[in-house]
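Asker: The residues making up each chain are set out below.
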Amino acid sequence: MRRSREVAQESSAGWLRIVITLVVAVLFKQMPWSGWALTLRPDFVLVVVLFWALHRPSRVGMGMAFALGLLSDFQDGMVFGQYGMAYVLGVYAVQYFRLRFLQFDAAQQSAQMLPIFLLVQVLVLVVGWLSGRSPQGINILLPALSGALVWYLIAFAAQSLHGRNALRQ
Amino acid sequence: MATPGQLMFARGLSPTARLIIWMLLGASLAVADVRLGALGVLRSTFSRVMQPVQQATLAPFQLAAGVGGFLVRHHELQQERDRLRDERLGLQRELYAARDSQRENQELRSLLALARRPGQSALAANVLYQGQDWFSRRITVDKGASSGLREGSPVIDAQGLVGQVTRVYPGASEVTLISNSEQLTPVFVARTGQRALAAGASQIDQIEIRFIPIHADIQPGDLLLTSGIDKVYPPGLPVARVIRITRPQGGAYARVECVPLAGVSRDRALLILSPAIEAPRP
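From first to last, the protein sequence lines are chains A and B. Heads up: the first sequence is residues 1 to 169, going by the working numbering. Heads up: the second sequence is residues 1 to 282, going by the working numbering.
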């Protein structure tokens, strides 16, 4: 009995945390970025989605990633489905390597996340190309670097707050 | 394929199957959007939901800019005041001349029964934000269909042409900048009257003239104005200044690099003109 109440409390607190971090990520993305800051802007929403896909895989999966991807498509004025597909691919990659990633510390994790972020951006590039719009330079790959950096900061903070073992659910 | 962790026992579909389903859904959405243009409803729903958020995230930055402006040094303000006073004297003289020629113009036009030039009514708008779109250069402004905006309207700032409205939402709209590589602007060289077609260049914030004959009379420093032959842009709006010309050996066309006069990606306040005719989407 007591155990089940704890579980229920834990689960609602878990949702709250996920929703708050996602809202903050969307707001960060919505700020009036311009110039180089805009080019280098990490995809905050993607980072948060992949973080929760790694740590709470039963809550944040491909469906939520797709929905948030559509929101990103709108925010950046892209073709609908472009970021949607890319986020789903990112979640798939994280789920695939999940058990391995959970063994790593923050620096190792972010180094392994970089190829996944790159993969996501490459898919965005390819879909954009197929939809008949030529990309304006290959700056599109830069947010993967800043994304990996933000991942390091978040993973480092989470691991020092909770301890690495507590995050392995 | 290795199974990724303990995720999918008791679930029907493998992660790969789910990945494929979502990919197909995304691809069909993209096709519906690009080929059929069927997702306008979805876009305007997102726009309605996100507009308060866009306004709210902008507020702290506007406040910071306001405070920053308040703390400008006193003598900078004095300098600016003196400069503005001189400028006003000059402008007043020009204003009288302009009024005179406008009156004359009106009489001549009524004699000729010509249609009014496009771009007579103007609407002020603020930049909401710039999206991280890797495929075109666009900004979002805070006026939309509710203010009577239509797709195709030209957008200017105090210095010159900024771009064209390409997507209209109820309370916001997207402006494609003239530095976008697929955005064509008919221009003429102010010095010689040579007509040409300007388009975005591969460098950020630059435009180039396409298909200008290699021996055309054009020099660095030349001013480009809209020619108005497309009936979208009113004629005579400043567009760009030529900075470099390379004439490749054996090529038919010269390569002309220009910088836009308007602060294309730095502006905060813009003016949206109304097109004379229903303009086609660029």
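Keep in mind the hints are simulated off the structure, nothing from the lab. C-beta: ideal position from N, C-alpha, C; glycine also. Treat the hints with care, as some may be off.
What the hints assert, rightly or not - To give an idea of the interface, some chain A residues facing chain B are shown, with a C-beta separation under 10 Å as derived from the structure:
id, residue
1, 16
2, 17
3, 30
4, 32
5, 83
Asker: So, for every hint listed, does it hold in this structure?
Answerer: Status of the hints after comparison with the structure:
A least Cβ separation of about 20 Å between residue 16 (chain A) and chain B goes past the 10 Å threshold, and the interface hint is therefore violated. Annotation: residue 17 (chain A) was flagged as interfacial toward chain B, and the flag is violated, the nearest CB pair being 20 Å apart, outside 10 Å. Contact between residue 30 (chain A) and chain B, as hinted, is supported at the beta carbon level, the nearest pair being about 5 Å apart and thus within 10 Å. Because the smallest distance between the Cβ of residue 32 (chain A) and any Cβ of chain B comes to about 5 Å, under 10 Å, the interface hint for this residue holds.
With 10 Å as the threshold, the beta carbon of residue 83 (chain A) comes within range of chain B, its nearest partner Cβ sitting at about 9 Å, so the hint holds.
When each numbered hint is compared with the structure, violations occur for hints 1, 2.
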